Amino acid sequence: MTPEPGTLACTAAGGLIVHVEAERYRITPEDVRALIFFGRPAQVVRERHEGGTGLTIEGYAAVNPAGRALVIRTRTGAWIVPLVSFRRVACGEAVSAPLFPSCGTAQCAVKFAGRSRSSPTADT
Numbered sequence: 140m141t142p143e144p145g146t147l148a149c150t151a152a153g154g155l156i157v158h159v160e161a162e163r164y165r166i167t168p169e170d171v172r173a174l175i176f177f178g179r180p181a182q183v184v185r186e187r188h189e190g191g192t193g194l195t196i197e198g199y200a201a202v203n204p205a206g207r208a209l210v211i212r213t214r215t216g217a218w219i220v221p222l223v224s225f226r227r228v229a230c231g232e233a234v235s236a237p238l239f240p241s242c243g244t245a246q247c248a249v250k251f252a253g254r255s256r257s258s259p260t261a262d263t
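The working numbering puts the first residue of the sequence shown at 140, with every later residue one more than the last.
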């Protein structure tokens, strides 16, 4: 079964496939366990077939600081998958999970022109 673009799917060997746009990346089973149980960042690798075979590290996957989502970063961009969905796919409870595009800090910066509500001189 080929996963749809923008999804995270489980492999028969226990690893994960991240299918984004026209690219397919993999996370090894050992790295999946390290992500779930210890919260350690994992390598995201891609098979290279142009001009030679082999694996190259294309990015990494890490649990966000709040502990509610997995952030997958590659050279082409960043995506987020809820940690609950990631665990379900990794444990085999779900076939796949959708990836949501993550915007960078420059794109998602929210500018607040007013004063802080926690300051004593805040506007009411």
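Treat the hints as calculated values from the structure; they're not laboratory data. Errors might be hidden in some of the hints.
Unchecked claim - Derived CB-CB ranges, DEER-like:
id, residue 1, residue 2, range
1, Gly193, Val223, 14 to 22 Å
2, Gly193, Glu232, 26 to 34 Å
3, Arg179, Val223, 26 to 34 Å
4, Ala201, Gly145, 13 to 21 Å
5, Thr215, Gly193, 18 to 26 Å
6, Ala233, Arg163, 27 to 35 Å
7, Arg227, Gly193, 29 to 37 Å
8, Leu194, Ala161, 25 to 33 Å
Please read these numbers as outputs of a predicted model, since none were measured by experiment. From the three backbone atoms N, C-alpha and C, an ideal C-beta is built for every residue, glycine too.
Point to revise | Pairwise beta carbon distance, Arg227 to Gly193, judged against the given window 29 to 37 Å | key: With Cβ atoms ~31 Å apart, the hint holds.
Point to revise | Status of the given 14 to 22 Å range, CB of Val223 versus CB of Gly193 | key: With Cβ atoms ~34 Å apart, the hint is violated.
Review point. Is 26 to 34 Å a correct range for the gap between the Cβ atoms of Arg179 and Val223?
Key: violated (19 Å)
Review point. Does 25 to 33 Å hold as the CB distance between Leu194 and Ala161, or does it fail?
Key: violated (18 Å)
Point to revise | Satisfaction of the hinted span 26 to 34 Å by the C-beta atoms belonging to Gly193 and Glu232 | key: This hint holds: roughly 33 Å between Cβ atoms.
Review point. Is it true that the C-beta distance of Ala233 to Arg163 lies inside 27 to 35 Å, as the hint says?
Key: violated (19 Å)
**Study point:** Range hint compliance [Cβ, Thr215 to Gly193, 18 to 26 Å]
**Key:** Holds, since Thr215 and Gly193 (Cβ atoms, about 19 Å apart) stay within the stated range.
Point to revise | Pairwise beta carbon distance, Ala201 to Gly145, judged against the given window 13 to 21 Å | key: Check passed, 19 Å falls within 13 to 21 Å.
Checked against the numbered hints above, the structure violates hints 1, 3, 6, 8; every other hint is satisfied.
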